[in-house]
Amino acid sequence: METNHSIYVKNLTRYYGAIAAIKNVSFNVNRGEIVGFLGPNGAGKSTTMRILSGLLPASSGSAWISGTSVAQNPSEVKRRIGFMPENNPLPEDMRVVEYLRFRGRLKEIPGRKLRASVQDVMEVCDLARTARRKIIGTLSKGFRQRVGIADALLGDPEVIIMDEPTIGLDPHQIQGIRKLIDSLRGRLTVVLSSHILPEIERSCDRVIIINRGRVVASGTSTELREEFLPGQRFQVEAEASEESLMAAFSNQGIDATLLETNPGTKGRTLFNIRAEGNGLLGNQLINALAQGEGCTLHSLAPKEANLEEIFLAATKRSWEETIENKPTANMIKEENKAKKAEAQ
Amino acid sequence: MRHFFILLKHELRMLMISPATYIAAVLFLCLMGYLFWAILRGMVNTPEDVLPAVRFLNVFWIPVLFVVPLLTMRSVAGERNDGTLGTLMTTPASRAAIILSKFAGAYIFYMLLWFMTLGFPKIAVEFFPQTAVGSGLLSQSSVLGSFLFLSLSGVLFISIGIFASSITRSQLVAGMFCFTALFLVIVGGQQLSNISAYGADMTEWAKSLVDYFQVFGHLDDFSRGVLDTRPFFYYLSLGGLLLGLATLVIEAKA
Numbered sequence: 148m149e150t151n152h153s154i155y156v157k158n159l160t161r162y163y164g165a166i167a168a169i170k171n172v173s174f175n176v177n178r179g180e181i182v183g184f185l186g187p188n189g190a191g192k193s194t195t196m197r198i199l200s201g202l203l204p205a206s207s208g209s210a211w212i213s214g215t216s217v218a219q220n221p222s223e224v225k226r227r228i229g230f231m232p233e234n235n236p237l238p239e240d241m242r243v244v245e246y247l248r249f250r251g252r253l254k255e256i257p258g259r260k261l262r263a264s265v266q267d268v269m270e271v272c273d274l275a276r277t278a279r280r281k282i283i284g285t286l287s288k289g290f291r292q293r294v295g296i297a298d299a300l301l302g303d304p305e306v307i308i309m310d311e312p313t314i315g316l317d318p319h320q321i322q323g324i325r326k327l328i329d330s331l332r333g334r335l336t337v338v339l340s341s342h343i344l345p346e347i348e349r350s351c352d353r354v355i356i357i358n359r360g361r362v363v364a365s366g367t368s369t370e371l372r373e374e375f376l377p378g379q380r381f382q383v384e385a386e387a388s389e390e391s392l393m394a395a396f397s398n399q400g401i402d403a404t405l406l407e408t409n410p411g412t413k414g415r416t417l418f419n420i421r422a423e424g425n426g427l428l429g430n431q432l433i434n435a436l437a438q439g440e441g442c443t444l445h446s447l448a449p450k451e452a453n454l455e456e457i458f459l460a461a462t463k464r465s466w467e468e469t470i471e472n473k474p475t476a477n478m479i480k481e482e483n484k485a486k487k488a489e490a491q
Numbered sequence: 006m007r008h009f010f011i012l013l014k015h016e017l018r019m020l021m022i023s024p025a026t027y028i029a030a031v032l033f034l035c036l037m038g039y040l041f042w043a044i045l046r047g048m049v050n051t052p053e054d055v056l057p058a059v060r061f062l063n064v065f066w067i068p069v070l071f072v073v074p075l076l077t078m079r080s081v082a083g084e085r086n087d088g089t090l091g092t093l094m095t096t097p098a099s100r101a102a103i104i105l106s107k108f109a110g111a112y113i114f115y116m117l118l119w120f121m122t123l124g125f126p127k128i129a130v131e132f133f134p135q136t137a138v139g140s141g142l143l144s145q146s147s148v149l150g151s152f153l154f155l156s157l158s159g160v161l162f163i164s165i166g167i168f169a170s171s172i173t174r175s176q177l178v179a180g181m182f183c184f185t186a187l188f189l190v191i192v193g194g195q196q197l198s199n200i201s202a203y204g205a206d207m208t209e210w211a212k213s214l215v216d217y218f219q220v221f222g223h224l225d226d227f228s229r230g231v232l233d234t235r236p237f238f239y240y241l242s243l244g245g246l247l248l249g250l251a252t253l254v255i256e257a258k259a
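Protein chains in written order, with the numbering used here: chain Z, 148 to 491; chain R, 6 to 259.
FYI, nobody ran anything at the bench for these hints, they're computed from the structure. For glycine and all other residues, C-beta sits at the position ideal for the given N, C-alpha and C. Take the hints with a grain of salt, since some may be wrong.
Covered, in the sense of this in silico footprint (three residues per stretch, anywhere, with C-beta under 8 Å from a C-beta of chain R), are these stretches of chain Z [to be verified]:
(1) 198 to 205
(2) 224 to 237
(3) 250 to 258
No more than 20 Å apart at the CA atoms, straight line, and that leaves these computed lysine to aspartate or glutamate pairs for DMTMM-like [as the list claims (entries may be wrong)]:
(4) R:Lys14 with Z:Glu245
(5) Z:Lys288 with Z:Asp240
(6) R:Lys14 with Z:Glu239
(7) Z:Lys281 with Z:Glu255
(8) Z:Lys326 with Z:Asp303
(9) R:Lys14 with Z:Asp240
(10) Z:Lys326 with Z:Glu180
(11) Z:Lys450 with Z:Glu373
(12) Z:Lys326 with Z:Asp273
(13) Z:Lys326 with Z:Glu245
(14) R:Lys258 with R:Asp87
(15) Z:Lys450 with Z:Glu348
(16) Z:Lys288 with R:Asp226
(17) Z:Lys288 with Z:Glu239
(18) Z:Lys260 with Z:Asp303
(19) R:Lys14 with Z:Asp267
(20) R:Lys258 with Z:Glu233
(21) Z:Lys450 with Z:Asp402
Next up, chain Z with everything else stripped away, as it sits in the complex (with noise of 0.2 Å):
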């Protein structure tokens, strides 16, 4: 059993009757992480975060949490963890104070530290001067979360696991959930789910893809941006066809790809293409574009692949993958006919 890991999940698989929500996945997260779960609806993050906090049982595979196994030891889990599950449900008639002194007596907190500790994890998330007595059910969007948060962070967890955290937050909201989880960074690990791609590229470290209950793609965003979209990427602005620009890098023996062509401003065009090559690449495209014809270059921008690329790449490998080894109707024939061959 590793300890080293905050997390550890091995081969997790659960079955909803003859479907598989998940199937296979293992990975780790290190003490002090902040982990991104990414995956379109229904790829099994919910599952696999249910299975660790312990609200759900694995039909098999393995998973500890600080070296603690949460099938083997379901309750000492939760003594380690903070949960905030999709949605957070809150009770509506409680007064915020009142709800996590509740959670805090719930979670174990012993009885005289119990209002420095509320009041603590208040103040982290904002709500001492603002909603401490505020009813919940009358709270905004934004504060309900930070209840939430303020929940999960109770009782000096070690692990901390989100389930969309952001959903349904403005953009200011989401700025300021943003900030305070980078404020537990290197304190407490943290794992959550989310839709939005920006947010999980700036608040994690690493970040870990699933798609249709397997885990299709894990690292930072350096890692994945090499492993699924590799060489360089750079947005050309030009007056030039798509036939001129592509001649042009050929004529200096570039090895370019053409991946996007937008319409610019007072008649440019602009490309966005990708090229195989060393540092001086963006020189030497400069230098194929001033010699190439029909080609005037107004400017030529390094573009990184953000997450969102990342993740559809990932998941468009994975959905191929699954295409390709899924048995055809002439394979199934054929297959069957060699059976037949063999019983003869």
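Starting from the known structure of chain Z, arrange chain R on it as the hints suggest.
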């Protein structure tokens, strides 16, 4: 055990601030007040050999059929529907502590309502001192026996409500299921005895089995001061079984 008391305190608090609780309490006390008045009125005209307190507690099933579903239908179903049951289960509190606290909260309130009906004979004595005989209205021995029956049968009735609430996320379905189950337990037992009365050729063991499910029979025994261990076993074991099942259900349907 620590979690149980924390949750029980929370449960009682939530019951106190829930409008459904007050609706149930007002309906219960209005109905029981009316029944008490009607019984006294009937006794004025015709002499009876049964004490009014005994006659009054004989109609216990009328309020039970609507108060128990109202008190219990929200307990687990409402929390599951809101999603707060899930957050509760991410704490170190055990499933059994969650179910037991919900049961205890509803049970305490149920018994509190019944104890409030003791005010009716006191009010009658207070307002009509010249006509009412205090000792007849509030005969200690029969009231004690009847309340022992109510507290014992309450364990089963509230457990039925908690179990009904644990198997669904709709409060309405939980309420309907609870009402039907209570009706079967209370009236069904009575019907069994009617069947046995028509078909006189019942063997001894079948007769004792039918008697075992006689809720009204148990009330008669208790109000006369006859304490049998069989009703204790019936209400407590069935109540415990239903609470155990409710615990398993929330474990499986978290």
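How the hints compare with the structure:
1. 198 to 205: holds (count 4)
2. 224 to 237: With 8 residues close enough to chain R, the hint holds.
3. 250 to 258: Per the Cβ count (5), the hint holds.
4. R:Lys14 with Z:Glu245: Holds: Lys14 of chain R and Glu245 of chain Z sit about 12 Å apart, inside 20 Å.
5. Z:Lys288 with Z:Asp240: Distance of about 16 Å is within 20 Å: holds.
6. R:Lys14 with Z:Glu239: Satisfied, since the Cα-Cα distance of roughly 17 Å is no more than 20 Å.
7. Z:Lys281 with Z:Glu255: Not satisfied, since the Cα-Cα distance of roughly 24 Å exceeds 20 Å.
8. Z:Lys326 with Z:Asp303: 19 Å, holds
9. R:Lys14 with Z:Asp240: 15 Å, holds
10. Z:Lys326 with Z:Glu180: Distance ~15 Å between Lys326 of chain Z and Glu180 of chain Z Cα, so the pair holds.
11. Z:Lys450 with Z:Glu373: Since the Cα atoms of Lys450 of chain Z and Glu373 of chain Z sit roughly 14 Å apart, the hinted pair holds (cutoff 20 Å).
12. Z:Lys326 with Z:Asp273: 11 Å, holds
13. Z:Lys326 with Z:Glu245: It is violated: about 25 Å lies between the C-alpha atoms, which goes past 20 Å.
14. R:Lys258 with R:Asp87: 14 Å, holds
15. Z:Lys450 with Z:Glu348: 16 Å, holds
16. Z:Lys288 with R:Asp226: The given pair, whose Cα atoms are some 58 Å apart, is violated under the 20 Å limit.
17. Z:Lys288 with Z:Glu239: Since the Cα atoms of Lys288 of chain Z and Glu239 of chain Z sit roughly 12 Å apart, the hinted pair holds (cutoff 20 Å).
18. Z:Lys260 with Z:Asp303: 12 Å, holds
19. R:Lys14 with Z:Asp267: 24 Å, violated
20. R:Lys258 with Z:Glu233: 17 Å, holds
21. Z:Lys450 with Z:Asp402: At roughly 17 Å apart (the allowed maximum being 20 Å), Asp402 of chain Z and Lys450 of chain Z satisfy the hint.
In this structure, the earlier hints numbered 7, 13, 16, 19 are contradicted, and the remaining ones agree with it.
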